[in-house]
Amino acid sequence: MVKSILPLVLTGAATRKRGKTLIGPVDLTVGAKGFTIVIGPNGSGKTSFLQLMHGLGRVSKGGVRWNVSQAEAQRQQAYVFQTPIMMRRRVVDCIAYPLLLTGTGRKAARARAAEWATRLGLGEALDRPATVLSGGEKQKLALARALIRKPEILFLDEPCANLDGRATREIETILLEAYRAGTRIVMATHDMGQAKRLSTEIAFLYKGMIHEYGSAETFFSAPKTHEAQAFLRGDILE
Amino acid sequence: MNDILQGLSAAFRLIITFDGELAEITLRSFQVTLSAVAIGSLLGLPFGAWLAVNRFRMRRYTIAVLNALMGLPPVVVGLFVYILFSRSGPFGVLGLLFTPTVMIIAQVIIITPLIASIAHQAIRELWAEYHDLLLSLNTTKRQRIMTLIWDGRRALLTAALAGFGRAIGEVGAIMIVGGNIDHATRVLTTAIALETGKGDFALALGLGFILIGLAIVLNLAIHILSRTEQGGRW
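Protein chains in written order, with the UniProt record's numbering: chain A, 1 to 238; chain B, 1 to 234.
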């Protein structure tokens with residue numbers, strides 16, 4: 001059995017940029033199982049929080065520690081950006097790209113990429129340039145690219161922003177499948193319906209601080225902090 | 001005006017009669033320039049990409065110097081190369097002075113900064129776009145550079161073509177290091193300089209038109225082959 005990279009432990013972790021604290025200090029343990037949804041008003045630091053955990057944001061203070069070495073942990077993570085980054089390649093090559101990086105042969109990588117593309121409903125678009133895909137298709141491509149390495153943990157930053165209902169449902173289905181197959185998911189969203197549909201765990205972020213972190217059921221039925229109560233009521237938090 | 005017409009007819013006559021000497025110097029022009037572009041691209045493109053993805057203390061100065069080197073005066077480059085390769089120079093033993101090889105070396109020095117600088121501009125924009133993704137995917141520096149060069153290949157073609165444009169029309173450096181020796185180092189540009197000096201404007205103009213024509217044909221050929229500026233392509 002390969003050693004799991006989880007739990008992820010944040011101890012007093014903080015991100016600062018240009019003298020302003022964006023996140024933290026945060027103390028948090030991301031356990032081995034679960035579908036965590038990160039919610040919070042705009043500018044509360046959802047993206048910075050995800051990037052801090054993933055290693056894209058600099059840790060200015062405190063620590064972000066995985067159960068294994070940093071190098072090992074990086075190989076087992078994937079991240080889906082809010083605006084999907086499309087490489088100037090064909091769809092199949094975009095999806096195969098992460099495999100090529102780890103030394104898989106081009107042919108084998110393309111075959112697996114085609115498999116994933118079909119699974120996510122991009123089977124028709126394999127040979128099209130990635131940059132001409134629609135918004136929903138781009139997001140699916142990004143998901144396929146993230147999942148192809150079979151990461152232990154998947155971070156998603158509002159993957160359904162700007163998508164219509166159908167595309168959102170398709171992406172949620174894929175995420176739930178991945179979750180059931182054992183992928184740990186941490187996802188930011190501002191869509192409360194989506195948070196309720198998907199989450200087993202909620203992290204409520206406000207002004208760069210984690211105000212609540214725990215089971216989704218408890219959070220939605222009995223939020224502890226004032227801010228969370230107000231947020232759930234639909235008040236505008238500034 | 002009369003001279004120009006005579007030049008055109010001279011060019012026409014040279015091409016129609018398939019002049020042997022013309023073919024020889026044209027081929028040498030292309031041999032020298034294309035070799036220089038190939039070597040300059042091998043050096044300049046990765047260096048431009050490397051500059052785009054790396055952050056180091058002297059980066060801004062390096063880029064400023066590189067941009068300044070784009071305007072390197074060919075005559076001065078020729079002079080330096082001449083001194084280096086002359087009998088008493090450090091590379092004199094190689095006996096390369098007044099050969100096409102040393103002409104290639106001089107042109108590589110002239111066009112590499114140009115290619116690197118344009119490549120850097122193009123790659124920098126692509127890097128801004130890819131930055132987060134490539135970091136997230138845990139790529140090595142080498143993988144980043146290779147990816148950016150491959151995905152930016154069409155923009156980089158422009159860099160190589162700019163290098164070609166500068167090298168094919170260059171006369172100062174190759175005149176000094178090549179010596180414009182008939183059947184050995186004479187190329188189109190040095191021949192034009194010679195014929196102008198001799199007062200044979202028609203022939204000089206004829207050679208000039210051929211030079212311009214060939215440069216246009218080569219550029220067009222590359223654009224058609226690589227299918228730039230077509231819908232759905234990059």
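Among the clues, some could well be false.
Unchecked claim - Derived lysine-lysine pairs resembling DSS-like cross-links, with alpha carbons at most 27 Å apart:
#1 A:LYS150 to B:LYS198
#2 A:LYS150 to A:LYS107
#3 A:LYS107 to B:LYS198
#4 A:LYS224 to A:LYS196
#5 A:LYS20 to A:LYS196
#6 A:LYS17 to B:LYS198
#7 A:LYS33 to A:LYS3
Said to hold, decoys possible - Derived contacts from chain A toward chain B, CB cut-off under 8 Å, selection only:
#8 HIS54
#9 ARG58
#10 TYR79
#11 PHE81
#12 ILE85
#13 PRO98
Since the hints were made in silico from the structure, they are not lab data. Computed from a predicted model, the values in this text were never measured in an experiment. C-beta: ideal position from N, C-alpha, C; glycine also.
Structure-based check of each hint:
1. For the proposed pair LYS150 of chain A and LYS198 of chain B, the alpha carbon gap of about 74 Å is over 27 Å, so the pair is violated.
2. For the hint pairing LYS150 of chain A with LYS107 of chain A, the CA-to-CA distance comes to about 19 Å; that is within 27 Å, so the pair holds.
3. Between the alpha carbons of LYS107 of chain A and LYS198 of chain B the distance comes to roughly 62 Å, so the proposed pair goes past 27 Å and is violated.
4. Note on LYS224 of chain A and LYS196 of chain A: the hinted pairing holds, with a Cα-Cα distance of about 17 Å set against a maximum of 27 Å.
5. Restraint check for LYS20 of chain A and LYS196 of chain A: not satisfied, since their Cα atoms lie roughly 32 Å apart, outside the 27 Å limit.
6. For a cut-off of 27 Å, the pair hint linking LYS17 of chain A to LYS198 of chain B is broken: about 68 Å separates their Cα positions.
7. Of the supplied pair hints, the one linking LYS33 of chain A and LYS3 of chain A holds, its CA atoms being roughly 15 Å apart against a limit of 27 Å.
8. At its closest, the beta carbon of HIS54 of chain A sits 7 Å from a beta carbon of chain B; the interface hint therefore holds under the 8 Å criterion.
9. Hint status for ARG58 of chain A relative to chain B: violated, with the closest Cβ pair at about 12 Å, above 8 Å.
10. Residue-level restraint check for TYR79 of chain A holds (minimum Cβ-Cβ distance to chain B is 4 Å; threshold 8 Å).
11. The closest approach between the C-beta of PHE81 of chain A and any C-beta of chain B is roughly 6 Å, which is under the 8 Å cut-off, so the hint is satisfied.
12. A distance limit of 8 Å between C-beta atoms decides the matter here; for ILE85 of chain A the minimum to chain B is near 4 Å, and the interface restraint holds.
13. Interface hint status for PRO98 of chain A: upheld, as the beta-carbon distance to the closest one in chain B is roughly 5 Å, under 8 Å.
Hints 1, 3, 5, 6, 9 from the list above are not met by this structure, while the remaining hints are.
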